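Participant: For the sequence shown, the working numbering begins at -3 and goes up steadily by one.
Any given hint could turn out to be false.
[Claimed, not checked] Each pair of labels, with its calculated beta carbon distance range:
id, residue 1, residue 2, range
1, Gly34, Phe79, 16 to 26 Å
2, Asn12, Glu69, 23 to 33 Å
3, Gln51, Thr72, 15 to 25 Å
4, Thr21, Val83, 30 to 40 Å
5, Gly20, Phe81, 28 to 38 Å
6, Ala48, Ser25, 11 to 21 Å
7, Gly80, Thr4, 30 to 40 Å
8, Ser47, Phe81, 32 to 42 Å
Keep in mind the hints are simulated off the structure, nothing from the lab.
Note that the structure is a prediction, hence the values are computed from the model and not measured.
By construction, the Cβ of each residue, glycine as well, lies at the ideal position given by its N, Cα and C atoms.
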Amino acid sequence: RDPETLETQASLELTNFGLISIAGTVDESVVDGIPYFGFNIARDLEISTDSATHQIRGVYVLDGYGGIHAGGEAPTIHDAPFFGFDVARDLELFQDRTEEE
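Construct all of the structure, not just a fragment, from the sequences and the given hints.
Facilitator: Below, the structure written as C-alpha cells:
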C-alpha cells in the first residue's frame, strides 16, 4: 500500500512450500529468485519497496531454519542466522531513515 495515497498495488500470498501468488498490478519479476522448497518450511513473506517511489521492488521469504531468501530487486541479506532446525517464524523489515547531510 502506498503510504501517501493508500492505494493498494497488489496482494501477495505465500504457501508453506514457498509458492507466491500475486494479485494486482505488480510485475511477477518481484518474486524472481525465490526458491520452491518442496516441503513445509516457508514461514513469512515481507515486501521490499523503493523508499522514493513506494513501488514494490522485491520480496523476502523467511524459511523455518532462519534463512532469508531475496527475490526480485530486493537487496540480499548476507548475515541471516541459520538455526539448523525449524524455529524461525516471523521476519520484520525496518527502513533506514538516516539522511546524508
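Participant: Look at each hint and say if it fits the structure.
Facilitator: Here is what the structure says about each hint:
1. Gly34 to Phe79: 16 to 26 Å: About 20 Å separates the Cβ atoms of Gly34 and Phe79, which means 16 to 26 Å holds.
2. Asn12 to Glu69: 23 to 33 Å: Distance hint for Asn12, Glu69 holds at roughly 25 Å.
3. Gln51 to Thr72: 15 to 25 Å: holds, 19 Å
4. Thr21 to Val83: 30 to 40 Å: With Cβ atoms ~36 Å apart, the hint holds.
5. Gly20 to Phe81: 28 to 38 Å: holds, 35 Å
6. Ala48 to Ser25: 11 to 21 Å: Hint holds: Cβ distance 19 Å, inside 11 to 21 Å.
7. Gly80 to Thr4: 30 to 40 Å: For Gly80 and Thr4 the Cβ distance comes to about 38 Å; the hint holds.
8. Ser47 to Phe81: 32 to 42 Å: Given about 35 Å between the Cβ atoms, the range holds.
This entry satisfies every hint, going by the numbered hints stated previously.
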